[in-house]
Every structure is written in C-alpha cells, then in structure tokens.
Amino acid sequence: MRIPFEWLKEFVVIEMEPHELAARLTMRGFEVESVEEVESAFDGVVVGTIAEIEKHPKADKLSLCKVDIGREILSIVCGAKNISPGDRVPVATVGARLSENFLIEKRPVRGIDSFGMLCSEKELGLSNDHSGIFILPEDFVIGSMLAHAPGIRDVVFDISVPPNRGDCLSVYGVAREVASILKQKAKLPIFRLDDGQENIKDYLSLEIHHIGACPRYVLRMIKDISIVSSPFWMRNRIMKCGMRPINSVVDVTNYVMLELGQPLHSFDYERLRGKRIEVRLTEGNDRFRTLDGQDRDLDKGDILICDGEGPVAIAGIMGGENSEISVHTKAVALESAFFNPLFIRKTARRLGIRSEASLRFEKGIDVDNVDFAAERAIFLMNAISGGTVIKGKQEIHERAEKKTISVSFARINEVIGTPIEQQEVVEALRSIDIFVIAALEGNISLSIPLFRHDIVEYMDVIEEVTRIYGFDHIPPTMPVVTVQPQKKGLKDIFTRKTKDYLISAGFSELINFSFSSLKDNENFLIPPSDERTSCVTIMNPLSKDYGIMRTMVAPGILKNVAYNINRGSKNMRFFEMGKVFISNGHGLPEEYPTLCFIMTGKEREYFWREKATDYDFFDIKGVLEGLMGQFGLDFTLMRSEEPFLNRSRAGDILVGGVKAGWIGELKDEVLEAYEIEQKCYCTELRFDIIMAKGNLKVQFQQIPRYPQAVRDFSFYADDAVPVSTLIEEIKMVSPLIQHVGVFDMFKKETRSIALRVIFQSFEDTLKDETVNGLQEIIITKLANIKGVTLRT
Amino acid sequence: MNIEELHNRVESGIASVKTIEDLKGFKLVLLGRKGLFAEYLDGLKSLNKEERKDFGREINSLKSETEGRLKGLEDHFAEEERKREQERSWIDITMPGKIPLTGRKHPITQTFDEIIRIFSSLGFSVAEGPEVETEHYNFEALNIPKDHPARDMQDTFYIEPGIVLRTHTSPMQIRVMESQLPPVRVIVPGAVYRCDHDVSHTPMFHQVEGLLVDKGVRFSDLKGILTVFIHEMFGPDTPVRFRPSYFPFTEPSAEIDIGCVICAGDGCRLCKETGWLEILGSGMVHPQVLRGVGYDPEEVSGFAFGMGVERIAMLRFGIDDIRQFYYHDTRFLSQF
Ligand SMILES: [Zn+2]
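Just so you know, the sequences run in chain order A and B. Note that the first sequence covers residues 710 to 1501 in the numbering used here. Note that the second sequence covers residues 52 to 387 in the numbering used here.
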C-alpha cells in the first residue's frame, strides 16, 4: 500500500521525520519497504508567471512566451494553447533533468532560442495529464522551487500491509496505527453535505435477498453533475498511491477508497432500469459483461447487484458495462456496502480478478464506516462535479455485535515472558480502539472494534499487546524445557557417511531441481511398461522441461555434465542424493531417496610425471565397492536389462538378492541426446534399500598373531567363465583362505588371469605342507572347470 | 733399521692419495700382509732384544697412527661420495605437485550442516517429510483455509486437486505433532517448491523448519533461542532485530532481521537501504494449530521458525544470484 506522507498528516499530527516514522511502523509490523522522495523528480523546476505571449514568427502553432521566474525573465517557446498572461506555470530551467534521458538545454526552436520549457503534469511525473501546461494555484510563490510547494514536495511510504490487516489498506487505516504509535487519535475528515430537496426514496428502492452475503448496503445519489477532470490535488494523491485518474466521478470513488478503505461503486442512474437495486445470489449459470468489455461466467453463489431487469454489477468485484459511468452521465447512484469476504474471495478467485475493491472486500472492511464513506464521496462529487445532492439514503443494515474477548493479565505475561504492568496493557489496547468493558481479579473483558476482523481469540489480543509493547523491549530468555535425548537420525547418519566418503573419493555434490520432463524418459529409452513412466505430473508447471517430478536422478546430472563440457571442463566426478517420485495413480506418490554418481573424462587432464588414462567401468565399480564397504554390504552384479546402459559394460546391483540399482557405461545414443561426446560411467542406487540392508555397527576383528602365507596362481579362462567364479571356487576350498585378489589380467586369444591367495590361520603358523596341499586342491579344482586351464 | 725412511714413505704416500682408489692401493702397500709395516716388523727378527723392543714400539705406534690417519681419509672420501650421490639425485622442486582429487559438498549442504549442528547442540532432533504433500498438511492444518488471503502469498504447484508440492517445510510441524505427545523439539530440513523463476527465485529451494513445544514456552524464549542461533551462525556481534509479522500458523509472529553484512547498517542495495536483512520467520504456534493436532493450548505452548537456506548461504558466501546454486559450474562448486 502506497501512503503519501502529506496525506497521512491530514489525520494525525506528525512532527517526526518520515524515515523515523517509517522505522517505527516497521517495528509495529507494517514494514515500510521504501520511502520514496517525490520531489527529487524535478530539481531545477521553478514557479514562474507568464508575462507576455506572442506568436512565433515562423510557426503558427507555437508561441513565444516571456516568463518571469523572479530573478529573471526567460524567453521560452511553447506549443500549448491553455496559457494566458498572469498564469502561474512550472518552468523547467536550463540544466533541469525531467527524466533519465530528458535534460533541458538552451536550444533553438524554429530559429528562436528557447531558455527552458513550460511543463505539463505528465512531464513532471505528477499525473498522466498531457492536455496542456500545468496551471499552478495562485498561492505558489514565483521564483520558488516547485518541489517546495505545498502538496508537491512529499514522500511516499510503500508499506507491506500484513495480509490479515485489511483495515490498514487506506490512508486513514494506516493513520490509526500511526496515531497509536504517537499516542494520539486519528481524526476523520470533517465536511458538511448540502442536501437537496428531493428524496432518494423517489428515485430508487433497495432490496437484499440474502442478508448473510451483504449485511449492509447504502445507496446515495447526486444529479445534474458534469463529468470533468478532477482537480490537481486529487489526481496527484491518486497517482502517488499508484492508481490512474480517470474522471471526476470515478476519481472520487477511488479517492475515498484510498482515504477510508471503503470500495465504492457508482452507477449511471439513467441507465438503471426500473429505479431499483436488488442484491441477490446467482442461482443458475449466467453470463454478464463487465465494464472492461469481458463476458464473465457467473456461478452459483456469486453476489449480484441487479436493477429492475437484471445484473448491473458483480458485487465487490467489478461493475457492468450496462451501467458504467460515461462522459454523458448526469446522475450517479453510489453504492457503499459490506459484502461477506468469503463470497467475494470465492468469486474473485474463480474469475481471476484482483481489483482494488475485491482486495479490500476479501479481507473485510469496516462495516461501521459504510455510510460515512458514501456521504464523503457524494460531498466530494458535489464539490467537483457540481449538481444537486438527493436527500437521504437507501440503506439495509443488519447490525453485528462487537466481539468480546476475555483474557487475564497473568496469561498475557506468561505467553510473552514479560512483567508488563496492567495499566500499560490497558493503555496499549486502548490506543488501537480495544476497550476494557469489565475487569475482575486480573481478568479483563475487551470489546473489539468491528474493523478488526483478525482478532477472534485472546491470543490475537496478546499479539497486539506484544506488538505495541515492542518486540525489542522483550528480554531474550532460554526456555525451561524437558530434558530428553535427541532422536538419532539414522537417515542423517547414512547420508552424512555417504557424502563424506564420496567427497573424499573426489566427487562433488550436486543439487538439481526435482523436476524433469517426459523428454528425459524418452532420452533414457524408458519403455512404457517401466515403473519409471509412472510420473507425478505437475498440473501447472513453469515449463515443459519442468513438467513432471523426476523418476531418475541421472538425467539431471547429465545436463550438468553437458553444461560443464560446453564451458571447457571435461573431467568430472559428480554425485547427487535426492528423491525420485513414483506415482501411485492418485494420492501421495512414493518418494524414494536415491543416490547417483557419475565419472567422465579422466582423473585430471595431465600430470607431467605420468600419462592420464580415461575412466572406465572399474573406476566407478571401485567407488561402489568402497561405498558398500562403508556399510558392511556385499553386492553382486547381474547382467542388466536397463535400456540406457551399454549391456556389455554394465550390471544391475543386487544387495541381499534385491535390486538396489544399476551401474555401468551409458549408451552413446543416450549421451548424444544430451550432446555429450565422451564416455560416462554412472550408477544409481535406491538409498532406502542401502539403509535397510546396511550396517553402521563396527565390530572389531582380532588381528592374527601368526604370519600369513601367499601363493600366486595363473590360469587361462574363457570369457564365459567370470573371474568371480574362480574366486568363489577358491574361497570354498578352505576357511584358511582369507583373501583372493586379482593381480593381473591380459588377453591375447584367451584371458590370462593371475590370482593371489592369502592363507591365514588364527591358531598357529601355517606349515608349508598344509599350504602346498591346499595349493594342489585349488589347481585341481580350477582346472576341472570347463574353459579353465592352468598356465605354467 | 731406518725408521726415518718408513716415516717418510708414509708421509709421501698419504700426500699422494687423491682418490678412494689411491687410498685402497696405498693401504695395501702400507698395511697389507706383504706391506711395508709387515716388512719392517719382519725385519725386527734380525735385531737384538733391546733394539727389537725399542724399534718394535716405534713401528707399532707409527702403524696405529697411520691407521688412524687412513681411517680419517676413508671417512672423508665416503662423505665426498655421499655428497656426490645426493647431487646426482637432484630434482626441480619447483615442478608442480600432485594434488589429491577431493570433491566438495554443495554450499547448500554445507549451510544445512551448519544450521543442523547449531540446533543439535540446543537439543533439537532432525526429521524429514514428504515433498509431495496434501493440501491439508500444507495449508488447512496450518490455519490456511481455502480462499485464505495468505494462500495468495504462495504460488503453489498442483499435482491433482488436494495434492501439492509443499510450499514450505511447515507441514512437518503438523506431522511431527500428530505422531507424538509434547515435549517436541525438532528441526526439519528439506526442499520446497513455488512457481517462481527469476534472479531472486528458483522454483525449488530449501528451508529449515524448527518447532519447540513444551509446558510454559514463552515468546521471550523464541527470542532467546533464535538470538543464540544467529550469533552462532553469523558471529557473536551480529545485530539482531525482531519485528512483528504475519503468518497464519503462528501468533504472535516475528520476522527476524540481521544487520546488513555488506554495509553494516548504513544502507546499500542488498538491504534495500534499510541496513537490515530478513533472515527468519517465526512465531508462537497458533492455538488453532495446537488444537488441530490434539494439543491443549492452555497446557502447552511453543514456537516455530523457518528459514531459507539459499538466502543464508548467499549471505555466508557472498553469492549474489540464487541461480548459481543450480548451474553446477565446476568453477562454482570448487570454491566451497
Ligand atoms: Zn546493506
């Protein structure tokens, strides 16, 4: 809400500097987001008076003015027609800067030098009026800076009004809060309405069909007016509040809304059929053209304002084209009402209209102020547009009781943690129009003004006391709490351990958006039967790329890889831990914590001492082995059917017989979809499975006291015989075999594999005969496997 | 017997030793089995007892003196050799070393870790909740009914009617309270979503929610705990300001500002000339919310708070564009 400081001062006496008041308002919960100086826009603009006007000798449409600005007479060429000698006008002198790109210079206009410019309101940024030169009021002092003139020099507060404080969406509303700060009372504007002779009962009747939707409705009228342009002061204030002046009738309704917070609507009386107004709820489906020329679909429960024949406005939202004020309007029927916020909210939301009026009705306005605002508007219309005020009003009003709330002083201090004196509490509440109506033994009953829709229970009252007492006066304390052990977060421990391990292994962490697109599924060649096509789809996505919740983490990482390759870095190790989402058809989806890591390129581009080799499958497998080791997990790799993997260099990861993920080289065609031209080794793991099967417990193993024995074996093995089979077979030979390692592998025609076996006893030193015996068994056993021969 | 001559030969021999090889040769000539000293000692046999005794003593003392001098020379040559050996193994120590490859934690995770560490030290446990959430938990249970003006503050991603991407971590307040009796002391880190994407907003970002409910918890306690947090997080001299605000699920509600980290209060672009930066939202849990989970607001009270992790990370590291967190440029990641 934009609040001009000079306007605020009409309701409350302010001696404080604007910036200080802004700070005080902020500490009251009304954050002043900016304090905007209006005057800075026209440095170098002074008040002048027209001394002479002559025709420009070379241009019929231009005139040559002598303008007295006190210290000198300037010669200025001007194109406007609305000036005559003696008028006071704003003069932008040479050197003035009216906007970023508009510097006033001495320049010839059709051969005659012009020493400045006479300005319109628009050129000064005061309004959008560009019809002629801004004729200043008589009391402006010639030669003075325009910025210092009354009503011109100003600051505007941009206040972020809390959403529950609809009562402060007006200058008067904010003034009430300022008055509380300054220990004053805000004063309503004083005026006297000159009633005419004719009675409104002869002009209009009023009926409300559903009092719950509209508990108060007031109609007032004025006739024989002429629609003109509003005076500068009114247009200026409307502009400063961020709205646009339109004409003397519409401006008044907007002005009073900004002043008092009451939205008003004016009908062109002559266009109302049947001399009557009815407030009713829509029953069936209907269609209605609002004054912006749009056809609106009405629905059951919208509040409609109707004349004798049909709707003329959607209550609280927007008027109809059929009764709109025009330049020909002679008589105005003015509506001031309280509409039930729930109804307005529903309609506004459905129609997608957020007008200044609906905004205020939605939050609830001051029902006590409805008629005062109508009177105020009729008074202003009369003052500006002339005409005759029709006497009296048509009104239906179902009076509401003021809310009463009880609370004890003890409870207030208990909640806040303060020793606030009783008298201080009472005064604080009184300053915002909450009064004690009864007091007994430390308990008080309070009456709440009707404009405070936000106060419904005693905690709301305590909030007000806290706010007015001042948050900064409350001493910080430490809570007296029940001592209890912290719950151990298993997921947190698993996650931390995993991240620490991967970081020490040279992987950097990524956090991608959980959004993905169907395109990613396509890129990954996921078939329609796959679970990963059960996507959680976003109804209102920001873009197609963010249309679904991801079902895999890898596609996001590939985008990061591509991004970095395009920026010149080719070697990457990345990991991400995040959720993937699998839809259950409807309701909440499954959310699986997932770990993905990727290696591409090589460890480093070069190191002078040695040649860097590209990563391959065994680099990423090693990282996986190390990770599983962190949690005491064994895993096996099975041939993978994942459509995006190069099947001869990939596998599914089985942990305790359950598929926990996949690992391997991504297919070239998948990489091409992300414009990546280098091999990527990647693995994705369901972290919930790792957590379920993994072990955080560390169990110490005795360190053997006896020396170990080592024997090396070399075999030829066909490709059909995996090394894991050889290792398993060897391990089964004896419990004394502690470790079997592969220390060499090369391939000519068949693979040659060298294994190192470590024998270890915990009871005694192994004898040579024992080890030799086992060695024989191993050789025989392996040589019996089809496709395996001993290499000698 | 000419001892003088022996003496001279020893002297001239030692003087001519230039290398370790010379030394070895000379040693043999002098001390070998057929060497000079052996020859002289042998020659003693032909002398009488008296002479034998005198000459013998003289030869032996010369011999041990010579042995000592030759040992000294030997050590000298060995030392020289070691020096030469070292010279030969020279490397250019200005060649670059091999930096071990380590990864980096994402700055957001680092910030999460720091926030969690501080609250853990204050006895808060960590809980997590679903990111796809029901409107009930995301809004209604938090005192934000349908059509409530506060729903306008948040642009929500919808999955289906009634199901949304959570717009804050606050739904976990409800889930935690529903699952246990007071006392509650928990923080909830996690991702949240809003339809917004520009220099200062990303459609996904991160929050940490906190909740403390117990008997007799006061608004002043909220100030106490959160002041401790801010001083731990941003340094003990950081100015802190609590000012009234509005959240549907807390009352009274407070916005917490810290003194601007750039201008120290003088006003700059970052703090929009106010000298203050908004860092945390907080408030006493609304009685309506407590009643909703079956807690009695006359019996227990508590406070809740929430903070944007990106914002805190931006201030900690001096990052000026929130989108930087999500480009994952290696030149960005490697800085943390
Ligand atoms: Zn600053």
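Keep in mind that the hints were calculated from the coordinates and are not lab data. It is possible that part of the hints are untrue.
[What the hints assert, rightly or not] To list a few chain B residues with every Cβ distance to chain A over 10 Å, as calculated:
#, residue
1, PHE106
2, TYR244
3, THR289
[To be verified] Each computed DSS-like pair below joins lysine-lysine, with the alpha-carbon atoms no more than 30 Å apart:
#, chain 1, residue 1, chain 2, residue 2
4, B, LYS156, A, LYS1330
5, A, LYS1253, A, LYS1228
6, B, LYS149, A, LYS1111
7, A, LYS1206, A, LYS1111
8, A, LYS1208, B, LYS156
9, A, LYS1311, B, LYS149
10, A, LYS1388, B, LYS197
11, A, LYS1009, B, LYS75
Backbone N, C-alpha and C fix where the C-beta goes; we use that ideal spot for every residue, glycine too.
Structure-based check of all given hints:
1. PHE106: holds (61 Å)
2. TYR244: violated (8 Å)
3. THR289: holds (14 Å)
4. LYS156/B - LYS1330/A: holds (22 Å)
5. LYS1253/A - LYS1228/A: holds (9 Å)
6. LYS149/B - LYS1111/A: Cα-Cα ~79 Å, so violated.
7. LYS1206/A - LYS1111/A: Status violated; Cα separation ~60 Å.
8. LYS1208/A - LYS156/B: Within the cut-off at roughly 8 Å; holds.
9. LYS1311/A - LYS149/B: holds (15 Å)
10. LYS1388/A - LYS197/B: Violated. LYS1388/A to LYS197/B sits at ~51 Å, over the 30 Å cutoff.
11. LYS1009/A - LYS75/B: violated (120 Å)
Of the numbered hints given earlier, the model fails hints 2, 6, 7, 10, 11; all others are met.
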